[in-house]
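Residues per chain, in single letters:
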Amino acid sequence: MSVNKDKIRNFCIIAHIDHGKSTLADRLLEKTNSVALRDMTEQILDDMDLERERGITIKAHAVKLNYKADDGDEYVLNLIDTPGHVDFNYEVSRSLAACEGAILIVDATQGVEAQTLANTYLALDHDLEIVPVINKIDLPSADADRVAKEVEDVIGLDCSEAPRISAKTGENVEQVLEQIVKYIPAPEADDNLPCRALIFDSVYDSYKGVIVYVRIKEGKIKPGDTMRLMATGAEFTIVETGYMRAQAPEPCPELSAGEVGYITASIKTVGDARVGDTITTARNPASEPLPGYRKVNPMVFCGIYPADGADYENLRDALEKLQLNDAALSFEPETSGALGFGFRCGFLGLLHLEIIQERLEREYDLDLVTTVPSVIYKINMTDGSQIMIDNPTHYPDPANIASCEEPFTDAHIYSPSEYVGTIMDLCQERRGIFINMDYITPSRVDIHYELPLNEIIYNFFDSLKSRTKGYASFDYEIKDYRESKLVKLDVLLNGDAVDALSFIIHADNAYAKARKIAEKLKDNIPRQMFEIPIQIGIGGKIIARETVKAMRKDVLAKCYGGDITRKKKLLEKQKEGKKRMRHFGTVEVPQEAFMAVLKLNDDN
Amino acid sequence: MMITDNIGLYIHIPFCRSKCPYCNFYSVGCNSELINKYKSKIIDTVKESPYCFDTVYFGGGTPSSIGSSALAEIIGYINHTDNCEITVECNPRDISEQAGEKFFYELADAGVNRVSIGLQSAVDSERRMLGRVSGKKEALKGIENAKNAGINNISLDLMIGIPEQTPASLEESLKYCADAGVKHISAYILKIEDGTFFAKNKAKYNLPDEDAVAEMYLQTVDYLDKTGFRQYEISNFAVPGYESKHNLKYWNCEEYLGIGPGAHSFINGKRFYYNSSLTDFINNSPPVDDGPGGNEEEYIMLRLRLKDGVDFALFDKSFSHPLPDSFFDYALYLSNNGFAKISDTGISLTPEGFLISNKIIFELIERL
Chain A
1 MSVNKDKIRN FCIIAHIDHG KSTLADRLLE KTNSVALRDM TEQILDDMDL
51 ERERGITIKA HAVKLNYKAD DGDEYVLNLI DTPGHVDFNY EVSRSLAACE
101 GAILIVDATQ GVEAQTLANT YLALDHDLEI VPVINKIDLP SADADRVAKE
151 VEDVIGLDCS EAPRISAKTG ENVEQVLEQI VKYIPAPEAD DNLPCRALIF
201 DSVYDSYKGV IVYVRIKEGK IKPGDTMRLM ATGAEFTIVE TGYMRAQAPE
251 PCPELSAGEV GYITASIKTV GDARVGDTIT TARNPASEPL PGYRKVNPMV
301 FCGIYPADGA DYENLRDALE KLQLNDAALS FEPETSGALG FGFRCGFLGL
351 LHLEIIQERL EREYDLDLVT TVPSVIYKIN MTDGSQIMID NPTHYPDPAN
401 IASCEEPFTD AHIYSPSEYV GTIMDLCQER RGIFINMDYI TPSRVDIHYE
451 LPLNEIIYNF FDSLKSRTKG YASFDYEIKD YRESKLVKLD VLLNGDAVDA
501 LSFIIHADNA YAKARKIAEK LKDNIPRQMF EIPIQIGIGG KIIARETVKA
551 MRKDVLAKCY GGDITRKKKL LEKQKEGKKR MRHFGTVEVP QEAFMAVLKL
601 NDDN
Chain B
1001 MMITDNIGLY IHIPFCRSKC PYCNFYSVGC NSELINKYKS KIIDTVKESP
1051 YCFDTVYFGG GTPSSIGSSA LAEIIGYINH TDNCEITVEC NPRDISEQAG
1101 EKFFYELADA GVNRVSIGLQ SAVDSERRML GRVSGKKEAL KGIENAKNAG
1151 INNISLDLMI GIPEQTPASL EESLKYCADA GVKHISAYIL KIEDGTFFAK
1201 NKAKYNLPDE DAVAEMYLQT VDYLDKTGFR QYEISNFAVP GYESKHNLKY
1251 WNCEEYLGIG PGAHSFINGK RFYYNSSLTD FINNSPPVDD GPGGNEEEYI
1301 MLRLRLKDGV DFALFDKSFS HPLPDSFFDY ALYLSNNGFA KISDTGISLT
1351 PEGFLISNKI IFELIERL
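Just so you know, the protein sequences line up as chains A and B, in that order.
Position 207, counted from 1, in the first sequence is what my numbering calls 207; the numbers after and before it change by one each time, with no gaps.
One rule links them: number in my numbering = place in the second sequence (from 1) + 1000.
Bound-form chain B, shown alone (with noise of 0.2 Å):
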């Protein structure tokens, strides 16, 4: 089969030194014997595939526990063009150290030139409250070894609504991260999921209430604005040119094939995904049916995220038609009350419009 579109790459890595108690992604302790039945597993994979990549992701899990050689030989076998984003999740404890730098030398060269470091918080309690062994200064070294390596483009992931963080707090993580010489932060609202230790534990913890995460959020896009940092997305900051490829892919709907337990795809206007079981990957079971894909709800669903918003004449000319009045004038109720801004061009939400966005995004979808 002879594919002439490039499309991203994800591979899961579903391996973790110890779960997060926030975390609700599917992952499995380390262990050697199983990894390398999953490393084979996936080359395996990646050689079947007819498609060449243009962006490739390592996500997890915990990408960086598996080692940089097996991250470095899969790589190898994946056909992606000369410029191809490559990123790769770390954990600041896999990258920190003389062991960090060997890391990073190895990756670079099998192509790797994104990072994607899971600091979380510049606080070190906080970051002992989200199960984070390692301190900011492992963070620090980590940024730097990548550096040395050659890998400018790194990105750092924060997380709004930690107990018992303040605005003070935050601050200080944000401040942190300014300073740290990366390109790209992502910023996340902690949601307690279903089944998280955090869940089960809920009183015990002292949260942020809702309107106080509301107001750290809006303080985390305020200051990375004003240190550079743009938003390109609800929870994406970067330097100008130093967006995502990948992730943007996502929100772009463009296509991407999903590897390994969980992972989801989106190929020819078919989703489909892989059962959340490492044991089902590794004895072949196939993809599960996701049902069609890139429809106008998803689009902007999809869309919406993203600071650029929806482009009306670029959604009439992908779906032959234009938005409906009723959208419009839903669309012109939240600019009047500041969710979102709206132009002779297009529509995008405001920060505080991103903040309710499941709401807005299902009122508009109601809308189509």
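Chain A extracted, bound-state conformation (with noise of 0.2 Å):
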């Protein structure tokens, strides 16, 4: 079966968090009679829960959907959708290099932010053809003309064809469709060649084994082939290949370059079929792969644990499970004197990690305990030597140490200029290094600075927010290891140091860490039979102390026969309250205490 080359566009689209692509994505769908009316639930490519709540994507997806566009000719419209945070743009680069084009969503009402500027860059960078879609022009705020200028004088992009549409309501969406068959170029697609296919995407499934979406390249493939992933030499027999169709796959007999599709080969996890990779066939092999593959790594780390000891092995379970969908995912058993068996876990950033205790605790029904997120030091020994160390446990003696090394990255905020003055001070709390400020327009300011990894992780976003209302947005990338002085801070309840609330901080910001970790575990600790010091120190030395004083009261004093069931219902109360708490030594610690220390930030 032969494809029309010509009629292919592969494209994306990209945009700012709560730009508007998923809705956008949504009435694309609607326009080109992919998903009947009454089937459309909002945002239907955004198919996990977790994803419509934050309104963001986690996962790309992909869709074909099929257009007559006014020139009288049918075309095969390829959307390949992108996750929007920056944990996750290694995959979104992925997702670009399947296309030839992006749609540039901007909100009427915002103009351009942090991520418009760093997707766009990623869409240039992959040689992609722009077009610029004005969202959003149905509120009362919106501001079209404002924004397109904008988007010309930051960007470059020409907008005076830029649609102005309402992807909420529909309005001039049909325009959307014909700048895609327009400016969008067809893929240059050679069926001849030895196949090449970029795998942009992978899902597991737990009939099919792993479904891969592909974009061909080069050559063709088919059921029957022997396909050979070019990055770790493994080959799969290929089961199936076909179409994501907005509401169910279709098989096809074959797929040829320049197509968009998915692959079934009975492959068990994603991991061996990673984002990036590219397909050939065994029997006509491509000589090189397609350039752009790296193995992602995992940046930030944290001890997760269950609530109950007995759910260690479903945690596994849960984590092997969640693990086939997500190469990116890493854990290994790890045992904390204080938290009993559970697993150390790498994350690409903080939202990774609260989107899989999220879905564990959700999907999969567990109670969690989860450390305080770390990301990886370099540690220098006076013995020349260097270790790397992920979990402040590990830490060792500081006799031993002769420097430590820390991740920085290259941060972007971009911001109205009015919050110039808060959010360099946040950036200087964090220990931020000012780099520059542009001017984008009279009135936004891109803030350039170099800021540690570690200050990131704990709440920087959230603080960031908070101060500019906001309006300001974040972008960042890892950039090197620069030595630092760091030291680990142990925490003691009634003299015994609890690992599993060990940080690893910077010396300066110490004393005032120690601190609020004091305080929030005395807020955090209820009473009990006996009063308990709670001592924070480095090393051998205590910098700060609070007490939670001993447990006086608890007692029900009127206790007639009518009360027994009153009672027992309490002694129940009781027994559910004590399954949430962690024992150290004989001191019990909720679980709110270790979220509350987990969620010190600098705002509160």
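Hints in this document: simulated from the structure, not taken from any laboratory.
Please note that a few of the clues may not be correct.
[Unchecked claim] Derived list of chain A stretches under chain B, where covered just means 3 residues or more per stretch with a C-beta under 8 Å from a C-beta of chain B:
#1 416 to 424
#2 566 to 577
[Stated by the list, open to error] Within a straight-line C-alpha distance of at most 16 Å, the following computed EDC-like cross-link-like pairs (lysine to aspartate or glutamate) qualify:
#3 A:Lys575 x B:Glu1366
#4 B:Lys1270 x B:Glu1298
#5 A:Lys268 x A:Glu235
#6 A:Lys567 x B:Asp1280
#7 A:Lys568 x B:Glu1215
Cβ coordinates follow ideal geometry from the N, Cα and C atoms, glycine included.
Starting from two chains that each stand alone, build the complex the way the hints lay out.
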């Protein structure tokens, strides 16, 4: 079956968070009759509950649309959705590499934001044709002219023909479809070359195994072929090829150059078909893989423990299942003196961590205790060796440390200019190094800082949002490792160190942080039968202390016949409460205390 | 049906002249038509009962609010033993003055031999805080009236942890009680129950904090001990020999029948209760099953409320197996920290232990 390659358009939609990417995607589906109107639930591409709640797309998806253009021809439009958060930058870049063009949505009420720029530059890096679209013209505060000019000034894109639309109401959405056909080039595709297919996403399905989403760059591939993954050399026999439709996959006899589709081949985990890898055929292999593959490495680590030790196996199963779908998630067993058996997990960033944690709790019904997140530190020892640690528990004896290094990021913050002062205060508090500041328009600035990653992972983004009433946006990438004055804070309860509450922190912040941790613990540890000293120390030196007074009164004073039921209920409640407690020696610490310490930030 | 063992009887009188701001027991306003209907229903239920009772307790609500004639009429239908303890809870305002004298004469004639008076505090400002209109003078008069009628077994209720209460004001109340010529004192720590006026207006009241309340409780135990009232339960003190026989049944895990909305029963190893609805009760709504009772957990939970605590030999006999080692380990820990006394024969809590008995009992039961 031959497809007219001239009539294929492969594109994605890029935008800053909440500028309307998913809504426009829905509208495109609707306008091309890909989904019956009655089946439309809002934002059909974001099919995880979490995605819909957080208003972000976590995993990319793709869908094939048929569109009859004004020129009378039938076109195949392959819409590749992209994740919209810095944690998933690499996945975004692979999705972009599968396209020839991108629709850039800019919110007519807000203008250019951090990820508008970051994603545009990423798209330009991949030589994509960019079609700007001004969205949300239905809102009273929309100023399409101003925003169009901003896009022209800041990004240098011609906006004279940019459709001005409302993805919400569907107004002018047809113009977007026409511009896709008109401006985005058809793929350059040669069916006769050895097959090279780019994996831009993969999803685990319990019936079919991993479903690999691919863009065929060259050649063809069909069921029965033996496919080879060029990064790992692993081979699988293809079971099915097909196109992604809005509501169900549609098997097809083969996928050929220029097309976007899926492959199943009884692959057991997404780790075997990693995003960015190239698929070729074993019989006629390509000599070179497509450029750009790299294995994504976790940047943020934390311990995840079941609140109830009996759930350890369930937690392992759940992590394994999530990993089937998420090659960026890493985990290995770890034991904590305080928390028992659990896992050290690695994430792309804090959002990734929160998403995994929430999915574990919601989809797998697990009660978890999560330790303070950490980055990877390089420790240079006095004997000349270097160790990498992602867990404060492994922090060596300070006497043997020659120096420590921590990861730094290149960070850009885009904000209305009136918030420059407060943003710079925040970055300064977070040990940022000011690089420069550009006025992208007279009223908007791009503030460029170098920030330590470990300062970003403690609620930096939340603080930024609250200080700027939500107007600032933020983007970062890892830059390098730098020498830093780091110390490890130990938390002692009733004289016993609680390994799960250890922190690695810059020496200058140690005292302030120690005091805050002590206060938070005091507020969140309920009184117990004896007085509990809380001490925070560096090495053997105590730098902060608080005391939880002994419990004096916990009694049901009036207990007559009728009260026995009540008393029993009280016992049940205590039992439930106890389940959520962690035991450190004789001290019971509720999960909330961990969370309170974890959520410590400079704004409260 | 022939029942050989005597059991306790609790009759709930769910009527009050006004609702106290701390109370979450079931009660409705006084309405003579309703009271009559209720009385008939109680009498019907009592008549149907196959048991013989050796204790009877009228609780509330405010039993005194329905008047002595109604109470006496009900008692007339109760099948009870000759030396049966019959208690009526009274509000001071119903029993002072001359009416009070007549009230007690009628009750005494009907067989009532114990009264419990809801004094709460001897400090008038504290009483007003608790929604009590009558003062300590009325209470004293009430006591005199009861004694004149021949009822000498009198109990006073006190409350610890009232807004604005101090060790000094508490001492005033304690002294008043000790000097009042009564045989029994119940001293409850005020608990702010959900849904009460106090709970809704907590911020407006100057409530003593946890530590202050604990100190006042210990002060109470100490004061009453010195004045001849022996503590026999977390909140109960008596001149030896005057402990409440009826209430001891609860804590000793013995049987009792409860009649009236919200009243609980424990008979033949089964617990059941009536819904807290006067209408349901009058309309013959049957009691609700509350599962089995009298197991080890309940036994430990209830017995540890008593100053005498748990007797090891008695436990072995009742449950045909000894307590586990982990129980003893924890008991030892408690005793080393001053929360319990442990001997060869049993374990009991100290006043410090009573104060945190929820926690202690929970931990001990976890180890059964």
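Quiz item: Has the given pair, Lys1270 of chain B with Glu1298 of chain B, been kept, meaning a C-alpha gap of at most 16 Å?
Solution: Holds, at about 12 Å.
Quiz item: Checking C-beta pairs, does the segment 416 to 424 of chain A have three or more residues closer than 8 Å to chain B?
Solution: violated (count 0)
Self-check item: Given hint Glu1215 of chain B paired with Lys568 of chain A - CA-CA distance at most 16 Å
Solution: violated, 27 Å
Quiz item: Would the pair Lys575 of chain A and Glu1366 of chain B pass a check requiring their Cα atoms to be no farther apart than 16 Å?
Solution: holds, 9 Å
Quiz item: Quick one, are Lys268 of chain A and Glu235 of chain A close enough, alpha carbons at most 16 Å?
Solution: With a Cα-Cα distance of about 12 Å, the restraint between Lys268 of chain A and Glu235 of chain A holds, given a limit of 16 Å.
Quiz item: CA of Lys567 of chain A to CA of Asp1280 of chain B, is that 16 Å or under?
Solution: Judged against 16 Å, a Cα distance of about 25 Å means the pair is violated.
Quiz item: With a Cβ-Cβ cutoff of 8 Å, does the segment 566 to 577 of chain A contain at least three residues near chain B?
Solution: Coverage by chain B holds for the segment 566 to 577 of chain A (6 residues, Cβ < 8 Å).
Checked against the numbered hints above, the structure violates hints 1, 6, 7; every other hint is satisfied.
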